[in-house]
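**Q** Protein chains in written order, with numbering that gives the first Met the number 0: chain S, 0 to 425; chain G, 0 to 364.
None of these hints come from the bench; they were simulated from the model.
Note that CB positions come from ideal geometry on N, CA and C, so glycine has one too.
A hint or two may mislead.
Residues on chain G that point at chain S, a partial pick, calculated with CB under 8 Å [stated by the list, open to error]:
id: 1; residue: G67
id: 2; residue: G68
id: 3; residue: R95
id: 4; residue: G100
id: 5; residue: E163
id: 6; residue: K164
id: 7; residue: I213
id: 8; residue: S216
id: 9; residue: E345
id: 10; residue: S355
id: 11; residue: L362
Below are the DMTMM-like pairs computed for lysine to aspartate or glutamate, each with C-alpha atoms no more than 20 Å apart in a straight line [unchecked claim]:
id: 12; chain 1: G; residue 1: K168; chain 2: S; residue 2: D195
id: 13; chain 1: G; residue 1: K168; chain 2: S; residue 2: D283
id: 14; chain 1: S; residue 1: K388; chain 2: G; residue 2: D87
id: 15; chain 1: S; residue 1: K104; chain 2: G; residue 2: D87
id: 16; chain 1: G; residue 1: K208; chain 2: S; residue 2: D283
Between beta-carbon pairs, the in silico distance windows are [to be verified]:
id: 17; chain 1: G; residue 1: T337; chain 2: S; residue 2: G206; range: 44 to 52 Å
id: 18; chain 1: S; residue 1: I406; chain 2: G; residue 2: H107; range: 39 to 47 Å
id: 19; chain 1: S; residue 1: I270; chain 2: G; residue 2: I218; range: 15 to 23 Å
id: 20; chain 1: S; residue 1: K388; chain 2: G; residue 2: I218; range: 55 to 63 Å
id: 21; chain 1: S; residue 1: F337; chain 2: G; residue 2: I218; range: 28 to 36 Å
id: 22; chain 1: S; residue 1: I263; chain 2: G; residue 2: I218; range: 13 to 21 Å
id: 23; chain 1: S; residue 1: Q56; chain 2: G; residue 2: I218; range: 34 to 42 Å
If you want the building blocks of each chain, they are given just below.
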Amino acid sequence: MSEVSAQQNPNAILSDDGVPLKQKLARTTRTLKWRAFLLTLPLVLFLFISFVLPIGQMLLRSVHNPSASNVLPQFAEIIQDWDEQGLPDEAVFAAFVDDMQTAKKNREIGKTIGNLATRMNYEMPGTRSLFTSTGRKVNKIKAGPYKEALLKTNKKWDNPVIWRTLKRVSRDYTPAFYLAALDRKYDDDGNIVRADELYQIYVSNFGKTLGMSVVITFFCFILAFPVAYLLSTLPMRTSNLLMILVLLPFWTSLLVRTTAWIAILQTEGIINDILVYLGVVADDGRIQMIYNQTGTIISMVHILLPFMILPLYSVMKTISPSYMRAARSMGGTPFNAFRRIYFPQTLPGIAAGTLLVFILSIGFYITPALVGGEDGILISNLIAYHIQKSLNWSLGAALGAILLVVILVLYWLYNKLVGIEKLSFG
Amino acid sequence: MKLPKLLLSSLIAAGLMSTAGLAQAGSHSESITVVSWGGAYTKSQVEAYHKPWIAKTGKQIKSEDYNGGTAEIKAQVEAGNVTWDLVDVELSDAIRACDEGLLETIDHSELPAGADGKPATEDFMEGTLHECAVANIVWSTIFAYDKSKMADGPKTIADFFDLEKFPGKRGLRKNPKSNLEFALMADGVAAKDVYEVLATEEGVDRAFKKLDSIKDSVIWWEAGAQPPQLLADGEVAMTTAYNGRIFNAVAGEDKPFEIVWDGQIWDLDLWVIPKGAKNKDLAMDFLKFSTATEQLAAQASYISYGPARMSSAPLVGKYHNKDIDMGPQMPTAPDNLTNAVQNNFEFWADNQDQLSERFNAWLAG
Numbered sequence: 000m001s002e003v004s005a006q007q008n009p010n011a012i013l014s015d016d017g018v019p020l021k022q023k024l025a026r027t028t029r030t031l032k033w034r035a036f037l038l039t040l041p042l043v044l045f046l047f048i049s050f051v052l053p054i055g056q057m058l059l060r061s062v063h064n065p066s067a068s069n070v071l072p073q074f075a076e077i078i079q080d081w082d083e084q085g086l087p088d089e090a091v092f093a094a095f096v097d098d099m100q101t102a103k104k105n106r107e108i109g110k111t112i113g114n115l116a117t118r119m120n121y122e123m124p125g126t127r128s129l130f131t132s133t134g135r136k137v138n139k140i141k142a143g144p145y146k147e148a149l150l151k152t153n154k155k156w157d158n159p160v161i162w163r164t165l166k167r168v169s170r171d172y173t174p175a176f177y178l179a180a181l182d183r184k185y186d187d188d189g190n191i192v193r194a195d196e197l198y199q200i201y202v203s204n205f206g207k208t209l210g211m212s213v214v215i216t217f218f219c220f221i222l223a224f225p226v227a228y229l230l231s232t233l234p235m236r237t238s239n240l241l242m243i244l245v246l247l248p249f250w251t252s253l254l255v256r257t258t259a260w261i262a263i264l265q266t267e268g269i270i271n272d273i274l275v276y277l278g279v280v281a282d283d284g285r286i287q288m289i290y291n292q293t294g295t296i297i298s299m300v301h302i303l304l305p306f307m308i309l310p311l312y313s314v315m316k317t318i319s320p321s322y323m324r325a326a327r328s329m330g331g332t333p334f335n336a337f338r339r340i341y342f343p344q345t346l347p348g349i350a351a352g353t354l355l356v357f358i359l360s361i362g363f364y365i366t367p368a369l370v371g372g373e374d375g376i377l378i379s380n381l382i383a384y385h386i387q388k389s390l391n392w393s394l395g396a397a398l399g400a401i402l403l404v405v406i407l408v409l410y411w412l413y414n415k416l417v418g419i420e421k422l423s424f425g
Numbered sequence: 000m001k002l003p004k005l006l007l008s009s010l011i012a013a014g015l016m017s018t019a020g021l022a023q024a025g026s027h028s029e030s031i032t033v034v035s036w037g038g039a040y041t042k043s044q045v046e047a048y049h050k051p052w053i054a055k056t057g058k059q060i061k062s063e064d065y066n067g068g069t070a071e072i073k074a075q076v077e078a079g080n081v082t083w084d085l086v087d088v089e090l091s092d093a094i095r096a097c098d099e100g101l102l103e104t105i106d107h108s109e110l111p112a113g114a115d116g117k118p119a120t121e122d123f124m125e126g127t128l129h130e131c132a133v134a135n136i137v138w139s140t141i142f143a144y145d146k147s148k149m150a151d152g153p154k155t156i157a158d159f160f161d162l163e164k165f166p167g168k169r170g171l172r173k174n175p176k177s178n179l180e181f182a183l184m185a186d187g188v189a190a191k192d193v194y195e196v197l198a199t200e201e202g203v204d205r206a207f208k209k210l211d212s213i214k215d216s217v218i219w220w221e222a223g224a225q226p227p228q229l230l231a232d233g234e235v236a237m238t239t240a241y242n243g244r245i246f247n248a249v250a251g252e253d254k255p256f257e258i259v260w261d262g263q264i265w266d267l268d269l270w271v272i273p274k275g276a277k278n279k280d281l282a283m284d285f286l287k288f289s290t291a292t293e294q295l296a297a298q299a300s301y302i303s304y305g306p307a308r309m310s311s312a313p314l315v316g317k318y319h320n321k322d323i324d325m326g327p328q329m330p331t332a333p334d335n336l337t338n339a340v341q342n343n344f345e346f347w348a349d350n351q352d353q354l355s356e357r358f359n360a361w362l363a364g
């Protein structure tokens, strides 16, 4: 092959072994690239398995829920042809009864009548027992007409809304969980409507989570800026000492710091004790500072503070003091010099710090769970509730996916406004 | 030279440890993991069931605590890694988990006959045997107060919601279950009509409105061991609780607590075996042993929960180390049943999801 290319281009520079230099170079760099790729392969695999795969699965689960078609495979297929007028015809009922009998017999995990009942109960609260009790009687139905026989086991089957809902949940892919996550639902006619006000919880909680994250980021910034400035301007010995004071809590377990705040802020805690001792508040009028939003904000600001201080510090450290001196010597007032010369140079640090703190606080879980009480909980706590307690994993996944999208949009917006290349973690 | 030596020695140490781990795992196959609600209740089971069974069979029992619900069982069964062999659950959870295929079915004919010779299916009280579950006790959610702090204490469930007559914080379980029933009864609904009213939208509204009237004074608890502690610490003036927990604080720790039986909501606790439990046969053996007439009666001498077998009733005597008759302390004692309601498992299986959602929205609002 080398001969061929040499013939094609007689002027090509050849290496020692007669291969054109260009080709040889390409080959070497390709091997190098492969070797480099092989080195990163464990990391790529790790990221794929621990990051891409679970997130993909979560996104899938939020729209894909085959509970109904797993339990009622024949029914799920033929119900789709039904025109939704009145009750379905006999063939549909026959398939339904047959599928129910099979499910009752098999008791296979994920394919039981209970799974179907759970899924239906999400869409039509109060129908679980209709399915489970029918499941107990369904084996008594030996022959058709199946419609009549089923209506005899329970006259609730006479309700067309149940069959319309069944048709909807028989499709494996459904937007229902995103609707629920946005406080929407289907009404009896299949239109999308707002959920009853008493059941609305997610949209307002997303709003609250964003609002609290803004407040927490703001307080972190206000507190971190002077500290970072001090750290970067003090002589090395003192600043190192101060740095340790910043880093020690940073290295301390999150749980320890959160429980420390409980000890400090609770009604029988240190602050209240001191206030009572000083006579500022009465013994029976102790201030509630924890197990509410205030508690969440105070402890989260403390926990996230280092994430603001460190990027700010690393950027401020690189700003030469001579700039400020020059500004002052040219007649700038201290405020003006700060505003027009010093502050703009800290922007990359501010950008990094706020982005870090904001995104961390949107997804914060442990601290609000411990000190949030009833009104200080964030969206991540609701997600955990659906994953661990209510076991509605699809709804949990839909909430998680919305949270992911919110963060990506914010990131994109941030990139537009500030520019991600300005980001500096030092 | 130093580093390789260190590496080598740590490798050896790790190797030794892993073989030690293997040896331990070997002996573990002869043990079962029994999961229950912790505190005084688990203790009563350890005394009445675990210890005699261990003495009889020579096998071991690993006891774990949880706070109810089917989440852990579901997670274990679906992941195919079932580490719990036997779990003590509430009736509505047993039915629901059974319907979802998360539990092993239990053959009732294998259960031992009663002490009077009656077969198990006749000896167990009505509604206490299920496809996947065998009841051990009848328990109740009641409310209690500290009589050393309130000489003229509350008498009815309505008093629990009366902040004017009885000021102070209230403890409630962080769950709509039982709270909605209490609220309706306090609002004047007769015990027998509670679930009928609760099945209507207006009924649920009415219950939440009643809960609203004390919301700002409520401290929410989750584990059964919390309410006696809340009372003892003076954190609450009165609290709902499981009756056995309060009884044990009184009998075992001489706490001056008083149970108000008016409006009690009684329920069953049942043994279930998660599907695919690693030690299923051994767990079944323990289940049969622990629900025998004598064991159920023995448990009643450690905690005031009623045995699920009729043949156990005549054997129920006094508290294990004190001169307290256990009979009148049971949720099923006639004097305690004057205004009582049985937890309606079907209602809760149907409405738990929706009402929890509303309850959470209400809590956060």
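**Q** Now tell me if each hint is right for this structure.
**A** Hints, verified against the model:
{"no.": "1", "hint": "G67", "verdict": "10 Å, violated"}
{"no.": "2", "hint": "G68", "verdict": "6 Å, holds"}
{"no.": "3", "hint": "R95", "verdict": "7 Å, holds"}
{"no.": "4", "hint": "G100", "verdict": "4 Å, holds"}
{"no.": "5", "hint": "E163", "verdict": "17 Å, violated"}
{"no.": "6", "hint": "K164", "verdict": "18 Å, violated"}
{"no.": "7", "hint": "I213", "verdict": "14 Å, violated"}
{"no.": "8", "hint": "S216", "verdict": "12 Å, violated"}
{"no.": "9", "hint": "E345", "verdict": "5 Å, holds"}
{"no.": "10", "hint": "S355", "verdict": "6 Å, holds"}
{"no.": "11", "hint": "L362", "verdict": "4 Å, holds"}
{"no.": "12", "hint": "G/K168 x S/D195", "verdict": "31 Å, violated"}
{"no.": "13", "hint": "G/K168 x S/D283", "verdict": "12 Å, holds"}
{"no.": "14", "hint": "S/K388 x G/D87", "verdict": "17 Å, holds"}
{"no.": "15", "hint": "S/K104 x G/D87", "verdict": "26 Å, violated"}
{"no.": "16", "hint": "G/K208 x S/D283", "verdict": "27 Å, violated"}
{"no.": "17", "hint": "G/T337 x S/G206: 44 to 52 Å", "verdict": "49 Å, holds"}
{"no.": "18", "hint": "S/I406 x G/H107: 39 to 47 Å", "verdict": "54 Å, violated"}
{"no.": "19", "hint": "S/I270 x G/I218: 15 to 23 Å", "verdict": "20 Å, holds"}
{"no.": "20", "hint": "S/K388 x G/I218: 55 to 63 Å", "verdict": "20 Å, violated"}
{"no.": "21", "hint": "S/F337 x G/I218: 28 to 36 Å", "verdict": "49 Å, violated"}
{"no.": "22", "hint": "S/I263 x G/I218: 13 to 21 Å", "verdict": "20 Å, holds"}
{"no.": "23", "hint": "S/Q56 x G/I218: 34 to 42 Å", "verdict": "39 Å, holds"}
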